[in-house]
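Colleague: Listed below are the residues making up each chain.
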Amino acid sequence: MSGPFAQLRGFGVTFGTMFKKVVTEQYPEEKNPTEPRFHGRHVLNRHADGLEKCIGCELCAWACPADAIYVEGADNTEDERFSPGERYGRVYQINYLRCIFCGLCIEACPTRALTMSNEYELADFSRASLIFEKEDLLGPMMPGMAAAPHPMVEGYDEQDYYQGKVGRATPEQEEYVRSREAAVEPAPDKDST
Amino acid sequence: MGIEEKLPSGVLLTTVENLAGYMRKSSLWPATFGLACCAIEMMASGAPRYDLARFGMEVFRASPRQADLMIVAGRVSQKMAPVLRQIYDQMPNPKWVLSMGVCASSGGMFNNYAIVQGVDHVVPVDIYLPGCPPRPEMLMDAILKLHEQIASAPLGVNRVKAEHEAETLALTAKPTAQMKGLLR
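Each protein sequence line maps, in turn, to chains V and G.
Just remember that our numbering sits 1225 ahead of the position in the first sequence, which is counted from 1.
Just remember that our numbering sits 2 ahead of the position in the second sequence, which is counted from 1.
One or more hints might be untrue.
Said to hold, decoys possible - Keeping only pairs whose Cα atoms sit at most 20 Å apart, straight-line, the calculated SDA-like set for lysine to any residue is:
| # | chain 1 | residue 1 | chain 2 | residue 2 |
| --- | --- | --- | --- | --- |
| 1 | G | Lys147 | V | Tyr1345 |
| 2 | G | Lys147 | V | Ala1353 |
| 3 | G | Lys176 | G | His166 |
| 4 | G | Lys147 | V | Glu1346 |
| 5 | G | Lys97 | V | Glu1346 |
| 6 | V | Lys1256 | G | Phe57 |
| 7 | G | Lys176 | V | Asn1257 |
| 8 | G | Lys8 | G | Gly23 |
| 9 | V | Lys1245 | G | Ala49 |
| 10 | V | Lys1256 | G | Leu146 |
| 11 | G | Lys97 | V | Phe1350 |
| 12 | G | Lys97 | V | Lys1359 |
| 13 | G | Lys147 | V | Lys1245 |
| 14 | V | Lys1256 | G | Ala55 |
| 15 | V | Lys1246 | G | Pro50 |
| 16 | G | Lys147 | G | Pro126 |
| 17 | G | Lys176 | V | Glu1346 |
| 18 | G | Lys147 | V | Lys1359 |
| 19 | G | Lys176 | V | Arg1352 |
| 20 | V | Lys1256 | G | Lys8 |
| 21 | V | Lys1246 | G | Ile89 |
| 22 | G | Lys147 | V | Asn1257 |
| 23 | V | Lys1256 | G | Lys147 |
| 24 | V | Lys1256 | G | His166 |
| 25 | G | Lys81 | V | Pro1253 |
| 26 | V | Lys1359 | G | Ala55 |
| 27 | V | Lys1256 | G | His149 |
| 28 | V | Lys1246 | G | Ala49 |
| 29 | V | Lys1246 | G | Lys97 |
| 30 | G | Lys176 | V | Ser1354 |
| 31 | G | Lys147 | V | Asp1349 |
| 32 | V | Lys1359 | V | Pro1253 |
| 33 | G | Lys147 | V | Phe1357 |
| 34 | G | Lys147 | V | Glu1254 |
| 35 | V | Lys1246 | G | Gly48 |
| 36 | G | Lys176 | V | Ala1353 |
| 37 | G | Lys147 | V | Lys1246 |
| 38 | G | Lys147 | V | Asp1382 |
| 39 | G | Lys97 | G | Lys147 |
| 40 | V | Lys1246 | G | Ala46 |
Everything labelled a hint here was simulated from the structure, so no lab data went into it.
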């Protein structure tokens, strides 16, 4: 295009843009959902009756290329059972200032205890608060779950748990948790770590 | 520094605080400190799709004297550390530092001798943003959290008091040598 109207062409482009669809995402007001398989913050899952799936095997910590995961396993006892089987993760920490959200820990986890959520709003003001403890990572208590520690479902072993044969917490388990909480009630809990 | 240092603690000072905080948070001027892949996401945040202009901060200043927010985006090598500090020193007060991505925040997966294990070894960091790299939404979330902090920042005697409180809290805090796990 040349001639006297050449200069107006630029204005034409600007004017035409006014009728185009706006691509801007209004982030804090309207949050676009992530892709379903987005790598976000981790979740430590529970079995359907509330026992933890983590067995404290440290495979996630070994798989981690950034050394972001710290696990300390401990033995389950008859009085304090957190997971089906022998061991559970007593200390479970993920340092989100090291974690690169690669998902190798998820692939390494033999019991599907560790999965990733779609949550990504993680910014914080101190380094210490970005080291997530087990309490921060554990998934929410769904209906039908009883808070660990409590015994396994009567007549089931850990194989049945991994095969998903266990449903919601049985009345015996709920009764156990209730009596444990009633016994703990007077004294403040001192085993928080 | 300014007139707010002379004001007595009270209604007048809190009003000035609110006003100054609102103005500071609404016109942050980021200094570009793109060092690696996080810088790509930082640029994407400034581009039309995410559009940092909505928060009054679309111009990334290459000159530190015109900037008050340093977004350290990417891993800081030992050789870059003095440069980073110089850029920070050249920025006028008040200034903030956003440590974007795990490498800037703690060294991330580069736990080796070439990379500074967190820019807070070099400059004071106001907000840490995990992610490798963080998506633009995460950066905007961090910026909005920082905005809240800036808007409620104390001035004058209140600032001195807040600093004193933070100092006493830090002195009485449990030493990291006594902590367990990753905090150690």
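Colleague: In ascending order, which of the hints set out earlier in this document are inconsistent with the structure?
Modeller: 5, 7, 12, 13, 17, 18, 20, 21, 24, 25, 26, 29, 32, 37 and 38
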